[in-house]
Amino acid sequence: MTACRDLVESLYEYVANELAPGRQDDLHRHVEVCPPCAALVDSYRITIGLARRLAPLPMPPECLARLQAVARASPGG
Amino acid sequence: MEATPRGLDLTPEQVVRDYAAQVYSLARRMLGNDDDAEDVTQEVLLQVLRKLDTFRGEAAFPTWLHRVTVNAALGLRRQRATRDRHRAHAAVDDLPEPGTPGGPARRWSAPPDQQLLDHETQELIEAAIAQLDEKYRDVYVLADVEGLPNAEIASLLGLGLPAVKSRLHRARLMMREALAPYFQEAVS
Chain A
378 MTACRDLVES LYEYVANELA PGRQDDLHRH VEVCPPCAAL VDSYRITIGL ARRLAPLPMP
438 PECLARLQAV ARASPGG
Chain B
-2 MEATPRGLDL TPEQVVRDYA AQVYSLARRM LGNDDDAEDV TQEVLLQVLR KLDTFRGEAA
58 FPTWLHRVTV NAALGLRRQR ATRDRHRAHA AVDDLPEPGT PGGPARRWSA PPDQQLLDHE
118 TQELIEAAIA QLDEKYRDVY VLADVEGLPN AEIASLLGLG LPAVKSRLHR ARLMMREALA
178 PYFQEAVS
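Quick mapping for you: the protein sequence lines, in order, are chains A and B.
The working numbering puts the first residue of the first sequence at 378, with every later residue one more than the last.
The working numbering puts the first residue of the second sequence at -2, with every later residue one more than the last.
What the hints contain is simulated information worked out from the structure, not anything from laboratory work.
A portion of the hints provided could be inaccurate.
What the hints assert, rightly or not - With a straight-line Cα cutoff of 16 Å, these simulated EDC-like cross-link-like pairs (lysine to aspartate or glutamate) come out:
{"no.": "1", "chain 1": "B", "residue 1": "Lys162", "chain 2": "A", "residue 2": "Glu395"}
{"no.": "2", "chain 1": "B", "residue 1": "Lys162", "chain 2": "A", "residue 2": "Glu386"}
{"no.": "3", "chain 1": "B", "residue 1": "Lys162", "chain 2": "A", "residue 2": "Glu390"}
{"no.": "4", "chain 1": "B", "residue 1": "Lys162", "chain 2": "B", "residue 2": "Glu149"}
Start from the sequences and build out the full structure, keeping to the hints where you can.
Printed below as a string of structure tokens:
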């Protein structure tokens, strides 16, 4: 359980691969044999991955139309 | 925000066409409503038009555009906070660190990396982001959605690097908590 606690405390750095190599390797070996810790790491990584796959939020058409009107009214428009 | 202004002949209409959507999307996620996002987008685009000469062809443009957008969003939020101090919802600030993992492993299933997120999944994630308290949402959106490096986020938000990392970690944990019911596989 100490290794599990270590993983929780260093989760950010572990996933970002920012730990000292020896410590990173120790935790990696633990994750490989501890299903709950593997599930935690996996879900944390999926959470990050999902955010990176979000499409831009669509702009309401009337908003775009107003911005285009502003652009046309500005110098050079 | 990866594009850089090209050529010497960008008209104001082209600036709107090329940059309005990305500015709007970032502002919308930070501020949580359409009207404020539109105000910020307009303010930012006017600044772009005024300063376009300075940035033509320069790789610094995306960084500058992020900075101007974030500053405009934070400025508007400050105005709103002054006017409407009591509306801020309670901070979801007290999420504990995840307990020591134990019990049955609850693995997640998520769409394969190559697939686009479907509309329902997209909305689910956007709703979870909107529920984050502002101080976590800002860092989360800039880091995990926009993909900015932590050092740049620290500079944009006036935070130290440890604060960025700490907020980002907690935001991820809150997002994980919010999304778990939808992505966790049933215990077998």
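Between B/Lys162 and A/Glu390, does the CA-CA distance stay at or below 16 Å? holds (9 Å)
Would the hint linking B/Lys162 and A/Glu395 be met if the CA-CA limit is 16 Å? holds (12 Å)
Holds or violated: B/Lys162 and B/Glu149, Cα atoms, limit 16 Å. holds (12 Å)
Has the given pair, B/Lys162 with A/Glu386, been kept, meaning a C-alpha gap of at most 16 Å? With a Cα-Cα distance of about 13 Å, the restraint between B/Lys162 and A/Glu386 holds, given a limit of 16 Å.
Checked against the numbered hints above, the structure violates none of them.
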